[in-house]
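K.L.:
Using the sequences plus the hints, can you model the full thing?
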Amino acid sequence: MTIDLKTVKHISKLSRISIDDNKAKKLGKDLNSIFSFIEKLNELDTKNTEPLTSIAETTLKLRKDEIKSENIREDILKNSPDKNKDFFVVPKVVE
Amino acid sequence: MSNITDLKLVELVDKIKKKELSSTEVTIAFIERSKKSKKLNAYISENYESAIKKAKIFDQKPDFKKKLPGIPIAVKDLFCTKNIKTTAGSKILENFIPTYESTVTQNILDEGGIIIGKLNCDEFAMGSSNETSYFGNVQNPVSENLVPGGSSGGSSSALAAKLTPATIGTDTGGSIRQPASFTGTVGLKPTYGSCSRYGIVAFASSLDQAGPMTHDVKDCSLMFEIMSTYDTKDSTSVDFKRENYFTNLNENIKGKKIGIPKEYRVDGMPKEIDELWEKGIKIIKENGGQIIEISLPNTNYALPTYYIVAPAEASSNLARYDGVKYGFRSKGENLIDMYEKTRSEGFGDEVKRRIMIGTYVLSSGYYDAYYLKAQKVRRLIKNDFDEAYKKVDAILTPSTPSSAFKIGEKLNDPVSMYLNDIFTVPINLAGLPAISIPAGHDKKGYPLGLQVIGKAFDEQSILNIAFALEKNISFKNNITDWWIK
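Going down the list, the protein sequences come from chains Y and L. Using the numbering used here, count along the first sequence one by one with no gaps and you end on 95. Using the numbering used here, count along the second sequence one by one with no gaps and you end on 485.
A portion of the hints provided could be inaccurate.
Straight-line alpha carbon distances no greater than 25 Å define the calculated SDA-like cross-link-like pairs of lysine to any residue that follow [to be verified]:
#1 K29/Y with M417/L
#2 K455/L with E57/Y
#3 K85/L with D82/Y
#4 K376/L with E43/Y
#5 K85/L with V324/L
#6 K325/L with F96/L
#7 K279/L with H441/L
#8 K262/L with I281/L
#9 K61/Y with D458/L
#10 K406/L with M269/L
#11 K8/L with I52/L
#12 K341/L with H10/Y
#13 K262/L with E39/Y
#14 K9/Y with S363/L
#15 K91/L with R16/Y
#16 K23/Y with I336/L
If you're looking for bench data, these hints aren't it; they were derived computationally from the structure.
P.N.:
What follows is the structure, given as structure tokens:
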């Protein structure tokens, strides 16, 4: 299997990471070498194997829905690259 | 008296408890040495002033019942620390100040520990050489221009250089054990669910575990005892009675059955590693342990499985970095353009590569062929260990297939970089505990490690086996302080 430039561009779109043609070419090369290494898994027959979705075989516990930290709105907003009063600001989305 | 910074963690704790040293003296000693060691680039953020203040407060009313009474500790910059910048080695979090404390660092603070700084690491812990950090390469104190391993490379460098008496790292595929092996230090990756993941910047949630890095096994058992707690804030934290790993530490391994997996004898492995492995086997036999040949037949499939599972989880975890609520933002013509430019400029090449691998293997039409396939093989790898543990109590292997390499040597070949983790990755996939201890040097004089793998939640056994090995190996790290003028 090979990943062509068009596919690289498509994955970059899905990943919300913009890349130029030069980078896409280099990345395509890397991805191809990584995927040819991954192809090794096809040697194994896993028809009757259950997927392992979680290593911790515990049932999730319920806990009380309690407020643990209060009045930290300002501290949280301090980390925002763009804010207006109590709101995060993003580029306009509605015309 | 010898230098304060030459003392190990347990020795420092004893001296503070006996009032032979104050927390302030100890804290200042490590800070002064850290200041002289900027060339190693082990720190991302320094917390010196606040740490000295805290040490003075401790000394005014010392509580000697604490397990880390006024002990200064620098930690990997992947742990969120309240009011102290936490970057994960990334530009996208360059100015992020958490409003909360990770459970593991909180445990250290609760026992009297004092955070003196945040240590460099590969960006989002993705790397095996610390070369993917936005904040630059870290030097291995063993030799100039040598990588300290990764991703906990700042941690291993700072520890080996005695800038901190102990440290903590995280291990997703070997990120504690490989840097420990490269710097001649001890590193423990606990069982998945043993240490809380709350407040650790997430990379691959089904694999990530925090663990201690120390000068010796005794220090390691003390740190681990403090770090491992049940935590309701982490839904995968396991509720069981933790042992007093430090008090229970002993070198009696009589009757212990130790497995030697034949699949770990890989082609092209330096002769010295094989010799160290043999030395380890001999020590175990001499101390009354029993050596049993075992097979872990799917070992060769662990790395390809890891490079599907880990990037898939990473692509999902790192979707949160969109430049809106925190972190770096780039200007865009519209919302989508802003996201794409922010993530393109905010992430480094390795992180982007892994997000894209992950996005691809999870995308429509490829999910079954890659992600589901990898989860099935992960089951086979775990079954290998389950079978082995019917016959043995623990497993002994080398920690890495080579010693530390030069900065830049493997940077342009991702697959060759990934091969570094060939002996450590299977353990994360199976969720097991494993410890790396220094065992000798190769012909270049660089440290090499041995790895002891345990049954789930049986850290005490591997600590004890490592303790017995350590006593008989008597490893000496020949670090010359070349970076201090």
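K.L.:
Give me the numbers of the hints this structure contradicts, sorted from smallest to largest.
P.N.:
none
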